[in-house]
Structures are given as C-alpha cells and as structure tokens.
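K.L.:
Top to bottom, those sequences are chains F and G.
The first sequence runs 1 to 339 under the working numbering.
The second sequence runs 1 to 340 under the working numbering.
If you're looking for bench data, these hints aren't it; they were derived computationally from the structure.
A few of these clues could be false.
[Said to hold, decoys possible] Just so you have them, the derived chain F footprint on chain G, three or more residues with Cβ under 8 Å:
no., region
1, 129-140
2, 144-150
3, 200-206
4, 259-271
5, 303-315
Quick caveat: nothing in here was measured; it's all calculated off a predicted structure.
Backbone N, C-alpha and C fix where the C-beta goes; we use that ideal spot for every residue, glycine too.
Given next are the chains, with one letter for each unit.
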Amino acid sequence: MSTDTTTRPSAGPFATESTGARVLRFAIRRGPLILFAAVCVYLALASPFFLTQANILSSLEQTAPIAVVAFGLAIVVIGGGDDVVSGGIDLSLPASAALATVILSDQLTNRGAGLPQAFLLALLAALVVGLVNAVLVTVVGLSAILATLATYVAVVGVTRVVSENRRIDVTDPAILYIRDEELLGLPVAVWIMLLVFAVVAFLVHRTRYGMNLQATGGNLDAARSAGIRTTRIVASTFVLASVAAAVAGVLLVARGSGSSPGIDERLLVDMMLATFIGAAFSPRNVVNVLGAMLGATFVALLSNGLVLTRVNNSWIDGWKGVLILIVVAAAALQHRERK
Amino acid sequence: MTTTDTRPGLVGALRSSGSWIARYAFLAAFAALFVFFSVQATSFLSGSNLLNALQGSMILLLIALALTLVISSGGIDLSAGTALDFGAWFAIAAMATYGLPWPLAVLCALAGGALVGSVNAFLIVTLGVTPFLATLGTFFIGRSLQQIGTGGGANINYRDAPEGFRALTSGSTLFIPNEVLLVGIVLVVFYLYLQRSKHGVRIEAMGLQDSAARTAGLRTRRYRAGIYIAAGVTCAVAGILLSSGLRIYTPMAGFSYLLDGIAAVFIGASMHPRARPNVLGTLAGVLFLSMLNNGLDLLGLDFNAKAALRGLVLLVALTLAFLIAKQARRTTAVRAAAIG
C-alpha cells in the first residue's frame, strides 16, 4: 500500500493503482474540458487564422444572442428540474426573441422610435409571453413542454402576422453601435452577453432567490415542505427567461442588421444545444449558467473553426454532431465513473 | 378523511365522475371546434374532406406513436424526423438509384430507421448520454449525411415508382385506404403493447424512476435500447408512406413533424389521470391537430394569419380544458369529503 492514497475515502480499490490508471482516471474526469481544448488546438493547427483575436471575438459576437437565450433556458431548467416529461423547459424563448426582433426592427425603421422605446415594447411583448407560460404551467397545470410548445407555435404565428413574413432592415445608430463598436477591446455585443451572464449567475448562485430556485428544481416536494413558495419560483423562471429573450432580440437585430423571417427554428436548436451541452461541463452533469456560456462558446468556436478549415459545407453539421457527442459521451462516462 | 378513488358507493361515483369530466374536458373542446368548423366551412363535414384529413394525419400519427413510446420511458427523441427522412431516402434511393424491387426497398427503409434508432440506443444505453443531447446529435449527423448523400440537399425524384409501392398510399383494401389500414395496425400493436401488456407497465416504471425499476429487477438497458430502435423503425414507416405518396424524397423534411408530434403526445398525456403519455391520448392529440389544420385551411385564411390562429386556438383549447378539468376535480373532492 502506498501512503499517498490512504487519505482518500475511496482509497480501497485504488490503493495499488498505477500512474497510468491515475492518468486515465484524471483524463476521464476532466474529459469534456480536455476534449474541448484538444478540438481548439486541432483547429488552431489546421487554420492559422482560428486563434487570432479578431476571429475569436467575432465568433463570440455571433454566439452572444444564443448564449443569452440559453441563460434564460438555464434558469427555467434549474427551477423546474431536468425531467423530460414533468421538468422545466421553455421552447417558446426563440419565438419570443424572434418576436422581439420584429418589434424592434419595426419600431426603429418604420415608426422612427428610439432604441429605449423600441426595447421597452419588445420587452413588454416578451413579458406577456413569459406570463402566459407562467400561468399555463402554475395555474392551469399544463406540463412546461406542452405549454411552451403551444406558445411557441402561437408566437411564431403572431410574429409572421406582424412582420408579414418579410425582412426589415435596421440602420439605427444604437443598433449599429452594438454591431460594430468595441469597448476595452471587446465587442459591445460580447459585453452585453457578459453582463447578462454576470446578473444571471449572481442571481442563481449568490442570492436567497437562487438557493430557493435550485431547491425547487432539485426536489419540488421537499422544497415545498421546507416552506419555499415553489409556485411563485416556477412562475418567476418563465418571466425572467422572457426578459433574456428580449435582450437576445436586441443582439439578434444587431447581428443581422434587422429582422429576418424564420430565425426561430435555428435558434431553438442552437439554444437547446448550448444549454444541455453545458451540463456536460459541470461536475454533477446538471444544467447551469456557466455551462450554458461554455456550451454556447464551444458550439460557436466549433462552427467557426470548421468553416475556417475549409470543411465542405455539407459535412459541417455532421462533424459538429460527432464532436459534440464525443464531448457529451465523455461527460456521461465521467458521471458514471463517479457513481 | 381517508376516502380513496376505489371506494364504492356514492363517494366513489362522485369522484370518478369528476375524474371523468377532467379526463374528457379536452374532448369537449375538440367537439366544440368540430362543430365550429362544420358551421363555418361548408365542405368541412363532407365525407371526402374528413377522409382526406384522416389520411393526411397518418404520418404524424406514426411519429407521435414513436414519441409516445420513447417519452413514456422517460426519454425524448429529437431525431424522429431524421428517422423519417432516412426511411423515405432509403426507400426512394433503393428503387431509383439501385433498381431494387419495392419490397426490398421497404426493407431498406426500415433498416434505415433501425440504424438511426441504434445510434440513439448506443449513445443513450451504452455511453449514458442524456436522450436530449444524444438524439440532438443524431439529428445533426443525420442532417449532414443527407446533405452529403444528395449533393447539398437536392430532391430525388421517382415519378414512375412501381404500382405496388404507390398502392401503399393510393390503394384501398375492403374500402379502407391502405395507409389508414396500415397505420391502424401499428396503432393497435402500440396500444396492446404499451397499454395492455406487462411491458407497458415496465416501460412506465422506467419513465417514472429508472433506478427503482432497475432495483426491482427490470432489464432497463435492454428495454431502452429496444425502445429507441422501435421508435426509429416506426418513424421509417412514416417515411415510406411519405415517399409512396409523393414519389419524391426531399432531404430534411422530417423535422416539421417533430414539434407537432411532441405536442400530440403531451396533449394525450394531459388527458391521462396521472398525466402520463398514452396511446389513445396521443391519437386524440393527433386528430385534434389535424382537424385544426384542415379546418383553418378551409376557412381560407391568409398563410400568416393561419399560423398565428393555429397556435392561439391550441393555447385557448388547452387552457379551457384544463381549467374545467381542475375545477371538476376540486368540486368533486369537496363534495366527496363532505359526504364521506
């Protein structure tokens, strides 16, 4: 028996393990992050442009709206639990974000409003969707996935009616500022993403509300028995998430210099990918805010790197899927090894 | 009060009538909408329209059945549309490109669906990836493979498909359209398996608490692998029907069925006393969504307005049905308590 392992509570079976086994165990435990790094190193070697500051910043800028919506979804999943049938999920967020882009573009371009006024209206619309979700889930008693799927369909339809399914260009100076300018070396859109991240992370991890939120998502009955007003908590998650959707709307308008029809479907897939792959980066394999950030960044760098290394367009989604699955499988194996 | 649902006599009758209302409140909304469409659109009630609507809902029903199976086991299959695509693709490609006879092409299509399901099963059961991510990954890879295989997403036409293959959707047996007959058989099989056999109980146990099911001695890994493969094959059948009807393969057409399929399953689950996915509920959900589509089409609305109205009607119908159901549950509980 070597002495250095005897202090571990689980030293028994590993007491005589070789260095190789220990390295393997470390690799499995840190697997997802190591793979993330390995993919980045490969892409950097394959394309010298990949690791340049300009490229990294521009891919972060591209991913900002996805990350912000993913933060919103993370709040809902943390508060509702991650069970597929009865857990928390908000599929209507991409639709709310798309509605926000249309309202913003319409106000800024066709009605001559300023950004504050346009944003307030977009926020109001998103809040209405969030409140409807909250009522459907907590008062009416629908499962979150059905309620938000129904509002997704409804909001996408309303968005089409409002926009007449046409693109609206935006040349408002405030939007162009978010699109083009940099502050202290970072694009403004990235600052907005980081600001939302800081607020949400603080809310979830450093406040009483956040503790109640995590307790509610972890075990609803136990949280209720402990005196937490779980109904209010669950309702609040949908409202908070809709605020994130409205902010993402601003970033989407800046990214696309206006609103285009049909952005919701792509955003839906990207949002779920970012949020749920984020769980792979967490030690307990649960959805969390930092994970959503890392997930969104990972997906963005991956897409960007594959384009830069001149992978055929048709192959990009496939490679993306394979690499994502490898990272996620590593996380699953790590989780199993811990158990 | 220690009254339970199984207590005989007046209390039990009152309780069960309450749960009966709760259960069928959505069907009342269904009926109301049916009457509305019959009054507003004269051609809605015609036999040919209803038959068309029914035939048009068969593909969605297959997808929704596959999802019912997966969701009752506590999973999700976001690659259901991909399995449909592979079914359609393999069937058309086998005949158009490789000149195989149509029964073999059908087998190829089923194998395509089984392939998608096996990848999911491998990821979920062998590697332990969460179903959300595993099937999302399969969805991405499947989409890419289709783009690669079709040179960037071009359609494969096969206008002169063999008569036998076309008869899968255009023919009829004993006055019942073949498509309806075929899907009806699948429906009955799903019903017997999930709702009337021990396997259904086991799968639900897995969905409620996997670790408990495993402790109780269920071979959950074997069941779960089978579930994803069966779901893939069922979706491939939908793909065969789609390609038989259109005689064309459009890459990545399956995704559009996914959200409606999930909605149908959860509409059905919400009619269940314990809010679990179930086959008959799914059927009701599919018929409701199809009727909504068909009725709104007949009203002659603008394309965009139709999209908005469809979602709003769905929202209002669900809300009303559930508020009525909740009220019914509450009043009968109070009355039962007063008597008991």
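K.L.:
Hint by hint, say whether it matches the structure.
P.N.:
The hints, checked one at a time:
1. 129-140: Holds: 11 residues of the region 129-140 of chain G have a Cβ under 8 Å from chain F.
2. 144-150: holds (count 4)
3. 200-206: violated (count 0)
4. 259-271: holds (count 7)
5. 303-315: holds (count 12)
Of the numbered hints stated above, the single one contradicted by the structure is hint 3.
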